[in-house]
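Undergrad: First to last, the sequence lines map onto chains B and X.
Residue 242 in the numbering used here is what sits at position 242 of the first sequence, and the numbering runs on without skipping anything.
Residue 16 in the numbering used here is what sits at position 16 of the second sequence, and the numbering runs on without skipping anything.
Misleading hints may appear alongside valid ones.
[Said to hold, decoys possible] If you anchor each label on the Cβ, the simulated ranges turn out as follows:
| no. | chain 1 | residue 1 | chain 2 | residue 2 | range |
| --- | --- | --- | --- | --- | --- |
| 1 | B | G136 | X | R198 | 33 to 43 Å |
| 2 | X | G27 | B | R43 | 38 to 48 Å |
| 3 | B | R54 | X | K52 | 18 to 28 Å |
The hints are simulated quantities; they were obtained by calculation from the structure and are not laboratory data.
All C-beta atoms, glycine included, are put in the ideal place defined by N, C-alpha and C.
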Amino acid sequence: MIWNEDFETMKTTEREQVQLERLQATVNRALRNVAFYRESFARAGVTGDEVRSRAHLVRLPFTTKEDLRTSYPYGMFAVPLRDIVRIHSTSGTTGTPVIVGYTRNDLKTWAECVARLLAAGGMTEHDVMQVAFTYGLFSGGFGLHAGAERVGASVIPASAGGLEKQVRTIRDFKTTALACTPSYASAIAGAMTEAGLSREQHSLRVGFFGAEPWSEGLRARLESSLGITALDNYGLTEVLGPGISFECERREGLHVNEDHFVAEVVDPATGEVRADGIDGELVLTTITKEGFPVIRYRTGDLCSLTREPCPCGRTFARMSRIQGRIDDLIIMGAVKVFPSQIEQVILDVEGATPDYQIVVDRAGGTDSLEIRVEMAGPAPAITQRISRKLGALLDTPVTVTPVPPLALARPEGGKVRRVVDKRPV
Amino acid sequence: MLRITSLAARYGAAEVLHAVSLHVGPGEIVTIIGANGAGKSTLLNAVAGVVKPASGTVLLDSSRMEGADPAQVVSRGCVLVPEGRQIFPDLSVRDNLLLGGYLRWRREGKRAAAAEMDGVCELFPVLEERREQRAGTLSGGEQQMLALGRALMARPRLLMLDEPSIGLAPLVVREIFDVIRRLRERGTTVLLVEQNARAALAVADRGYVMETGRIMLEGAAAELAANHDVRRAYLGKEYRQIDE
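Bound-form chain B, shown alone:
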């Protein structure tokens, strides 16, 4: 189902015009209201008037996470604080958090963007939506919540935490749609099995999972164990929160809400724009946000773009599912691997759970790789098989350690910390 036909199926030439108009206005506002952009444009020797077509975007300087951090807390706001009606923030687990402000119009835009991703999953006012993202500074809970209300679903703000309660809610409230991180969904699925709640005894039919990269293997697991359709969506607090891009029923990439964002993929090392179909770092520019516009923000997420038309009728460009974060790339000598590749191997092994953690360490000058996997009991056959397959993939010995269920820390929004690098810097 398409939520907003006018914009989601707009002719490409028309949308290019809309994008250009909004991009120019965003650049003009950012330059007038945000000192950082005036300085970064001056350093790059460009003016806002140089953006005469959508392609000229490449002339503008990048904005990095470090830039956003340096402006802590309110330096990047483009409107006075009295116009801001909501504040969210990144977790700050890897440094100073980024504080993001939303105006009333921004919240409307956000709900619209999320409504589109929910409608694409067939959600209507007849659904009961359980939002099991953390409600708080993290943007996941409130983002999904607002979109679900916009669609008209009955929204349960369950938040994350308390697996038993989640299961009870799913059963008693007859939840039809679940929104959370894929790793938390997998924990809920485990708890449902433990509680003896079978597929026939609950009403779940669709899951909207995001906020961390997840593999096709995990998707297959979640779909079969929960008896649902599992859809991916993408967002990050610095740019909006959930709702930047989403899968339609075809599941062949995530449609970018291009009437609100411009997406580019660049070479992570040189910053040069990459052609469609080639993997690189996703760079996003907001073109309607009032409170916290970002221009050419380096997301650190790896994917590729395609502008091939999608049979669903949406004319938005699509990005591939996120393969990982650039910072997550594990480099051990000649070995380079993303956690998502390791996840795929783990899930190919029958009986293994998707709750894992990768620990990289160094002893005696040699890097070592340990995979901790949550398991209900000792299962030497499974650990051996994972170890053998990973060893073959990476051409290096891998230790697999079983740990009890829920032993791995899930600090925020139910996300398991996937990589622990203990090597001295």
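Use these hints to put chain X onto chain B, whose structure you have.
TA: Here is chain X on its own, set in the frame of chain B:
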């Protein structure tokens, strides 16, 4: 219908428009609001062929218009009602209207033009009453009606209005905006430049906010009316009133 891309214009060395882009869809009423000197009138004049743009493109449907002279622009169905009315004061109301329909007269004959005049007078009954009167003797509001009527005689596909409410009494302003509403019902596409932001945003589908030759904001009229910047700058000090 109208698509303007990165239009720039200058008067001598002074750059008045910097890379302005906007579009108007068929049947839409789109408004450009902004303070004096923002470049709103220059933008309309550049589309109308009165001001030659320095760079950028203007597409009316699929034909390029930048650099066309005013007569060509009118013959393609794009008509400007300039600020200050610019009617012919010594001619009668009737002759003013007929001049507006000159192109149609030439193309389709006298009967078509006369029929159009009847249609226009239906929209503005006051012009019917004053058909033979000298235009210079009309009140300000009536002159504005005449200027609008004259433009409609060409049966424009795109009507551009430059400050139609300027210098008029509040009651007359309301009447002018009522006419714009009725034009929308007739399916006329309108690009409206106004300093009276409140009235313009109330009648328009979408709007653009201009400042010093640049577009600062664009969006649905209701969204712009809700934007604090717009409220403070263009909707007056007691901007909270518009909630009522």
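Undergrad: Could one say that the CB atoms of G136 (chain B) and R198 (chain X) fall in the range 33 to 43 Å?
TA: holds (39 Å)
Undergrad: Just to be sure I understand the hint, the distance between the Cβ atoms of R54 (chain B) and K52 (chain X) should be within 18 to 28 Å; is that true here?
TA: holds (26 Å)
Undergrad: For G27 (chain X) and R43 (chain B), compare the CB-CB distance with the range 38 to 48 Å and indicate the outcome.
TA: holds (45 Å)
Taken one by one, the earlier hints all hold for this structure without exception.
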